[in-house]
Amino acid sequence: MRRLLSGNEAIAQGAWEAGVHIGVGYPGTPSTETLENLSKHDEVYCEWAPNEKVALEVAAGASMGGARSLVTMKHVGVNVAADPLMSVCNTGVNGGLVVLAADDPSMFSSQNEQDSRNYAAFARIPMLEPADSQEAFDFVQRAFEISEEFDCPVMVRESMRIAHTKTLVETGESHNDQPLRSFEPDPAKYVMMPGFARQRRLFVNDRTRKLVEFAENSGLNRVEMRDTSIGVIASGAVYQHVREALPNASTYKLGLSWPFAPQSLRAFANSVDKLYIVEEACDYFAEHIHALGIRSDAFPGIALPEEGELTPALIKRAFSIAAPYAFTAADDLPPRPPSLCAGCPHRLVFVTLRNMKAVVTGDIGCYTLGATPPLGAVHSTVDMGASLSMAHGMELAHVQERTNRPVVGVIGDSTFAHSGITSLLGTVYNGGSGTLCILDNRTTAMTGCQGNPCNGVTLKEQARGLSPLDVPAGKPLDIEGLCKALGVDDVVSVDSQDLAAVKEALKNATDSSDTLSVIVFHSPCRLIDRTRKSAPEIKNCRACGMCIKLGCPAIEKGDDGKAYIDFTQCVGCGQCAQVCPFGCIESKGE
Amino acid sequence: MSNETQTMTVLLVGVGGQGTILAGDLLAKTAAASGYDVKISEIHGMSQRGGSVSTVVRFGEHVASMICDEGCADVIVSFEAIEALRAQQYLKRDCGRLFVNDEAISPVSVAIGNATMPGDVSARLEELGAVRIPAGHIARSANSPKSTNVVLMGALSTALPFEDEVWRKIISKRVPPKTVDANLAAFDAGKQSARA
Ligand SMILES: Cc1ncc(C[n+]2csc(CCOP(=O)(O)OP(=O)(O)O)c2C)c(N)n1
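Just so you know, the protein sequences line up as chains A and B, in that order. The letter at position 215 of the first sequence is residue 215 when you use the working numbering, and the numbering goes up by one with no holes. The letter at position 175 of the second sequence is residue 765 when you use the working numbering, and the numbering goes up by one with no holes.
By construction, these hints were calculated from the structure, which means they are not laboratory data. There could be a bad hint or two in this list.
Stated by the list, open to error - Below, computed lysine-lysine pairings styled on DSBU-like, alpha-carbon distance capped at 35 Å:
#1 K768(B) <-> K460(A)
#2 K557(A) <-> K736(B)
#3 K549(A) <-> K759(B)
#4 K533(A) <-> K768(B)
#5 K759(B) <-> K460(A)
#6 K588(A) <-> K736(B)
#7 K759(B) <-> K588(A)
#8 K562(A) <-> K768(B)
#9 K460(A) <-> K682(B)
#10 K533(A) <-> K682(B)
#11 K40(A) <-> K759(B)
#12 K682(B) <-> K316(A)
#13 K736(B) <-> K539(A)
#14 K768(B) <-> K40(A)
#15 K682(B) <-> K40(A)
Please put together the full structure from these sequences, using the hints given.
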């Protein structure tokens with residue numbers, strides 16, 4: 001059947017057709033829909049793990065036990081999973097083990113632009129790189145075969161343009177039922193203590209030689225000879241841009257971005273007059289291909305940028321091909337960055353922190369938007385979990401005493417479960433003090449409202465459409481109970497839509513500077529609780545601007561400086577009524 | 591599309607939550623059902639929280655890249671007036687067509703007084719040769735405000751080589767069953783508005 005599928009949908013379809021037994025991952029743009037689509041199939045058991053390390057370990061266990069397993073994550077998730085990855089590459093597999101890494105050149109929804117191909121080379125495991133959804137579908141099936149044939153985990157890498165572009169795919173529509181492989185205990189293969197690990201290292205060296213031979217004849221790389229004056233080496237979406245920009249050039253399309261096939265690369269290099277390596281945001285191919293002793297040429301035009309995704313236009317520019325005549329971009333338009341939704345439960349916490357002039361170590365999620373105007377209340381966002389540990393570090397640097405500003409760490413519920421718990425444990429263990437906020441909006445909002453350990457909604461329930469506001473089968477985490485068990489003395493629960501309570505809790509916590517306080521703010525995300533109340537009425541507005549400073553998309557400052565409500569966007573949450581110092585905004589209740 | 595082997599590029603732009611994704615889906619499926627190769631690229635993530643969004647649909651005999659470069663869009667459909675200006679550099683300067691939903695939504699930067707809306711939106715759209723479609727108004731007055739995106743697809747259909755029947759079949763399959771008639775009416779109204 002011919003279907004229009006995104007790269008993520010195609011990977012899910014391919015994995016299902018390959019008879020994958022287990023799918024496990026942690027959400028992260030642009031990887032998320034892969035597991036969400038896979039979980040719709042009854043034959044496959046799928047779950048969200050609290051983080052990517054756990055996900056890969058679950059899959060490694062399933063693989064050791066004989067099941068075909070798929071693990072999904074975004075590029076930064078591979079950092080979290082790197083510890084097991086760097087040893088599972090030595091133990092190898094029983095059932096096929098495939099790791100999907102979704103990269104984000106240009107950082108459309110990410111905090112960095114790292115390239116996952118480096119991990120494949122580092123771990124010396126094959127990496128398959130599809131250039132459209134058909135290849136995503138085909139390659140993931142090949143990946144399971146390669147994994148089992150070579151006793152090796154296999155990575156599949158897609159960039160955002162592959163993950164989120166739908167292209168036509170010829171699917172088989174049949175689930176290829178794979179029996180679970182038998183499990184025999186094999187300590188020499190799976191117990192990585194030095195004696196055994198040294199033996200496995202030899203196995204890996206031998207496997208690497210075999211993989212290079214395989215690379216030469218795998219059919220995963222494709223040589224396409226056209227005009228031989230220009231030869232281009234490229235992969236993935238970049239290959240498509242090269243075809244667009246230089247339709248007559250000969251191409252060596254890498255489908256396998258580790259290991260390389262030295263012979264066929266050399267043959268290609270020798271068959272073209274000029275050889276160019278075109279890749280985005282890194283020089284991974286150039287480094288590896290040059291290391292094989294293959295030289296490439298400098299671009300005749302303007303060199304490719306070192307950062308950001310490539311486009312056909314950038315490639316044309318590198319080859320001095322004129323750009324089409326276009327209108328110039330307007331530079332006087334009001335910016336339209338994303339913002340917290342109308343009624344977002346995170347808003348009042350940031351408004352209060354801003355007004356307190358707190359120094360906030362933030363984290364990753366919708367609440368990162370607390371850094372944007374007019375909130376401007378977040379001072380760091382590094383990696384998941386860092387809010388809590390960095391707050392402790394700021395304490396060690398005596399920032400609060402030196403600046404007279406309270407230091408507060410702020411983390412979301414999913415992020416807390418991902419890696420905030422160990423951070424908090426470190427602070428408690430070392431006698432840290434300070435104020436930490438957990439924003440429990442009952443979901444993993446940023447990535448599209450997935451289940452997580454805090455709301456207890458399992459992936460299978462999510463696939464059936466269960467809301468975190470219903471009663472999930474999973475066990476919702478008792479966040480307050482956990483914090484107490486870790487040894488936090490001062491744990492309070494606050495309704496994050498109640499401004500007075502938010503202020504009081506933050507004041508109390510930051511005033512008592514020698515105790516460690518955790519405030520757990522509760523109120524559901526507006527994307528899961530879509531109930532609306534009627535919009536409030538503004539009477540005799542005095543144009544003080546307090547409600548404008550909420551940064552609510554439903555309140556606009558008029559030319560007269562007064563506030564106006566946008567009735568199409570307002571959800572009647574009552575936040576503006578609470579901040580109006582003159583009582584001019586009247587919530588209508590229902 | 592002057593030449594059968596050439597690829598045609600349609601850019602849909604708007605504000606997160608306006609239904610550009612469904613519209614792109616209808617367009618891409620119509621292209622596929624009409625026998626073309628097609629690629630549709632969406633940018634998800636952060637921008638969905640009220641930020642600018644865009645979807646690129648490219649179709650032809652064989653489509654390579656999924657990106658729309660500056661000066662390369664055969665048609666731009668903007669779901670909001672300011673976003674049309676923000677995307678103007680992508681339009682083919684000599685022959686590109688621009689359809690604009692005749693409504694402006696203030697970004698938060700304007701709402702909080704950090705930026706202002708340009709005063710000359712109409713004149714600038716005029717200069718770009720925009721066809722202005724009162725899509726939101728048409729949808730609301732037909733009591734189906736959510737079909738604004740389908741009104742715009744009706745307008746777009748006048749610039750594309752697909753049979754009406756194919757569009758109608760795809761719309762009927764894709765929208766909620768109870769809203770099929772309303773959406774088909776919205777599609778027709780958009781078509782009429784573009785031809786007026
Ligand atoms: C290691 C890593 N994995 C995944 C992500 C993708 N990601 C960014 S924010 C987020 C979810 C945040 O959820 P939560 O903490 O509940 O905050 P909310 O968005 O609900 O406010 C995820 C999964 C990431 N940035 N880093």
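Hint check results:
The suggested pairing of K768(B) with K460(A) holds, with an alpha-carbon distance near 28 Å, which does not exceed 35 Å. For the proposed pair K557(A) and K736(B), the alpha carbon gap of about 27 Å is at most 35 Å, so the pair holds. Taking the CA atoms of K549(A) and K759(B), the gap is about 47 Å. The hint is violated against a cut of 35 Å. A threshold of 35 Å between alpha carbons decides the hint, and for K533(A) with K768(B) the separation of about 26 Å falls inside it, so the pair holds.
A C-alpha spacing of about 32 Å is found between K759(B) and K460(A), which places the hinted pair at or below 35 Å, so the restraint holds. Simply put, K588(A) and K736(B) have alpha-carbon atoms about 26 Å apart, close enough for the 35 Å limit, and the pair holds. Under the criterion of a C-alpha separation no larger than 35 Å, the hint pairing K759(B) with K588(A) is inconsistent with the structure, at around 44 Å. For the given pair, K562(A) sits about 42 Å from K768(B) by alpha-carbon distance, which is inconsistent with the 35 Å threshold.
Restraint check: the Cα-Cα separation between K460(A) and K682(B) comes to about 46 Å, which exceeds 35 Å; the hinted pair is violated. The straight-line distance between the Cα atoms of K533(A) and K682(B) is roughly 45 Å, outside the 35 Å bound, and the hint therefore fails. For a cut-off of 35 Å, the pair hint linking K40(A) to K759(B) stands: about 26 Å separates their Cα positions. The straight-line distance between the Cα atoms of K682(B) and K316(A) is roughly 17 Å, inside the 35 Å bound, and the hint therefore holds.
Restraint check for K736(B) and K539(A): the C-alpha separation of about 31 Å stays at or below 35 Å, so the hint holds. Our distance criterion of 35 Å between C-alpha atoms is met by K768(B) and K40(A), whose separation comes to about 25 Å. For the given pair, K682(B) sits about 42 Å from K40(A) by alpha-carbon distance, which is inconsistent with the 35 Å threshold.
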